[in-house]
Amino acid sequence: MQDGGPGAARERGRREFADLGIVLRTHKLGESDKILRILTREHGKRSAVAKGVRKTSSRFGARLEPLTCSRLLLHRGRGMDTVKQAEIQTSFQEVRADLDLFVNAAAMCELVDAIAEEHEPHSELFDLLLKGLELLKSHPQRARFTRAFFEMRVLAAGGFAPMLDSCANCGAPLGDGEQLFSLHRGGFVCEGCLVKRQAEVGKLVRVSAGTAGMLSWMSGHQLGEWPDEPPGAELGEAEMLMDRILEHWTERRFRSHQVMKEMP
Amino acid sequence: MTRYTESVENLIENLCGLPGIGPKSAQRIALHLLSVPSEETDRLAAAIVSAKENVRYCSVCFNITEQDTCDICEDTRRDRTVLCVVEEPRDVIAIERSGSYRGIYHVLGGAISPIDGVGPEELRFAELMGRLRQGQVGELVIATNPNAEGEATAMYLSRMVRPLGITVTRIASGLPVGGDLEYADEVTLGRALEHRTPL
Ligand SMILES: [Zn+2]
Ligand SMILES: [Zn+2]
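Here the protein sequences line up with chains A and B, keeping their order. All residue numbers for the first sequence refer to the numbering used here, where the first residue is 16 and numbers rise by one. All residue numbers for the second sequence refer to the numbering used here, where the first residue is 21 and numbers rise by one.
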């Protein structure tokens with residue numbers, strides 16, 4: 016043993032832990048370091064310093080690039096952790112190597128970063144993100160659908176599943192045509208409620224019957240399933256509504272959504 | 021914690037937050053500055069003020085310069101048919117140090133990072149497209165960093181520039197010279213194999 020006796024080893028053992036982690040985002044720190052925001056499977060969202068990672072000679076290489084799912088050995092610090100070791104489990108290089116996939120993946124990571132509490136274990140969220148990234152990789156042509164579907168599942172996992180099958184205000188069954196989504200109520204609202212209690216439904220977003228059907232399908236299925244009827248024109252409207260719901264829920268605008276609009 | 025006098029606290033506060041400088045280093049630097057002769061601190065203060073006054077971005081390539089256009093853009097011996105795109109002025113210095121490049125540059129001022137809200141509109145893409153449309157450039161060398169943001173920037177650029185009929189190349193990435201193969205991660209090694217060259 017090089018440094019210290021059994022006592023030192025025990026102390027290290029207390030402060031070091033291993034876990035799977037997905038790199039959500041990175042920030043430059045100093046000359047050659049980075050601060051990583053990582054969602055770990057068992058230890059929640061963490062901030063960790065990766066020393067020297069920006070040097071071309073860094074032993075980390077591409078192991079801590081955004082989106083990478085790695086087996087990590089982290090050292091618990093007072094404010095931030097330090098990455099001691101990293102081994103790639105899934106690199107998601109294919110996702111980073113495609114501009115559209117990368118932007119969609121960045122939006123998924125931004126959402127996770129916005130809602131995950133620091134150090135609060137949230138393995139369901141981890142599994143959703145991993146699944147979402149795997150779907151981007153395996154079905155690149157379904158990227159937009161995957162992101163909207165992922166967002167729906169994240170809302171449900173957070174206890175905010177939208178009410179889509181009956182009126183979010185009074186519970187009455189909804190008609191078959193186009194629907195009005197109340198951001199305030201978190202679901203579609205019926206005609207009757209619109210007439211009677213205008214003030215309580217707040218801002219409304221109008222969507223077509225096709226979009227309402229797609230969203231309702233998403234809320235009843237698991238990420239990775241694929242509808243019998245492949246999504247068509249209604250996808251754009253579904254994406255728009257999901258973005259509005261997320262902005263309302265998290266009370267923030269998503270930077271990656273803005274950048275997505277600038278893409279050719 | 022005992023506090024220093026107001027002007028010392030003010031100095032520490034101003035140093036703290038500079039790249040790579042935390043509260044502890046800020047305190048150490050401040051106390052060091054107070055311990056040296058005032059000629060030295062005057063020189064430092066004057067250097068900061070003069071750099072800030074004289075240094076600006078080149079009106080053509082956005083490299084750092086003290087004139088309207090930088091030395092590289094002024095140099096008539098440089099090959100104007102090859103244009104190298106980099107993220108930051110210090111990347112120009114790194115490439116110049118290699119001695120392997122004789123073309124001209126364009127400094128974007130960063131790289132595309134959707135999660136940080138940095139898209140094409142936040143970078144100097146419009147200025148680059150303007151330069152390319154003048155028709156002199158035949159090859160665009162993309163030398164953004166070999167990381168996720170640098171690659172996204174390269175993909176965006178190639179999408180925008182290819183329709184102009186300009187050859188778009190990307191600097192090679194793979195194993196660092198001087199390292200051992202066995203320490204390479206699978207992504208780096210995969211890229212090295214993908215971009216292997218005939219001997
Ligand atoms: Zn109702
Ligand atoms: Zn210049």
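Rather than coming from a laboratory, the hints here were simulated on the basis of the structure. Careful: at least some of the hints might be erroneous.
Stated by the list, open to error - From the structure, some residues in chain B lie toward chain A, with a derived Cβ separation under 10 Å:
1. 35
2. 37
3. 132
4. 171
5. 197
6. 208
7. 209
8. 211
9. 213
What the hints assert, rightly or not - Distance windows between CB atoms, simulated:
10. A:236 - B:206: 49 to 55 Å
11. B:206 - A:174: 36 to 42 Å
12. A:218 - B:66: 33 to 39 Å
13. B:182 - A:142: 27 to 33 Å
14. A:174 - B:141: 33 to 39 Å
15. A:128 - B:210: 26 to 32 Å
16. B:99 - A:104: 42 to 48 Å
C-beta atoms are modelled at their ideal positions from N, C-alpha and C, and glycine is treated no differently.
Quick rundown of the hints versus the structure:
1. The beta carbon of residue 35 (chain B) comes no nearer than 14 Å to any beta carbon in chain A, farther than 10 Å, and the hint placing it at the interface is violated.
2. Contact between residue 37 (chain B) and chain A, as hinted, is not supported at the beta carbon level, the nearest pair being about 12 Å apart and thus beyond 10 Å.
3. The interface hint given for residue 132 (chain B) is met, as the beta carbon of that residue sits about 7 Å from the closest beta carbon of chain A, less than 10 Å.
4. Below 10 Å, beta-carbon pairs count as interface contacts, and residue 171 (chain B) has one with chain A at about 6 Å; its hint therefore holds.
5. Proximity of residue 197 (chain B) to chain A holds as hinted, the smallest CB-CB distance being about 9 Å (cut-off 10 Å).
6. Annotation: interface hint on residue 208 (chain B) holds; nearest CB of chain A at approximately 5 Å, less than 10 Å.
7. About 9 Å separates the beta-carbon of residue 209 (chain B) from the nearest beta-carbon of chain A, less than 10 Å, and the hint is met.
8. The restraint placing residue 211 (chain B) at the interface with chain A holds, with a minimum CB-CB distance near 8 Å, inside the 10 Å limit.
9. Taking 10 Å as the C-beta cut-off, the interface hint given for residue 213 (chain B) is violated, the closest approach to chain A being about 13 Å.
10. Our hint of 49 to 55 Å for residue 236 (chain A) and residue 206 (chain B) is violated, since their Cβ atoms are close to 33 Å apart.
11. For residue 206 (chain B) and residue 174 (chain A), the hinted distance range of 36 to 42 Å is satisfied, since their beta carbons lie about 38 Å from each other.
12. Restraint check, residue 218 (chain A) to residue 66 (chain B): a C-beta distance of roughly 57 Å breaks the suggested window 33 to 39 Å.
13. Range check, residue 182 (chain B) to residue 142 (chain A): about 39 Å between beta-carbon atoms, so the 27 to 33 Å window is missed.
14. Roughly 36 Å separates the CB atoms of residue 174 (chain A) and residue 141 (chain B), a value that falls within the hinted 33 to 39 Å.
15. The hinted range of 26 to 32 Å is satisfied by residue 128 (chain A) and residue 210 (chain B), whose Cβ atoms lie roughly 28 Å apart.
16. About 45 Å separates the C-beta atoms of residue 99 (chain B) and residue 104 (chain A), a value consistent with the hinted range of 42 to 48 Å.
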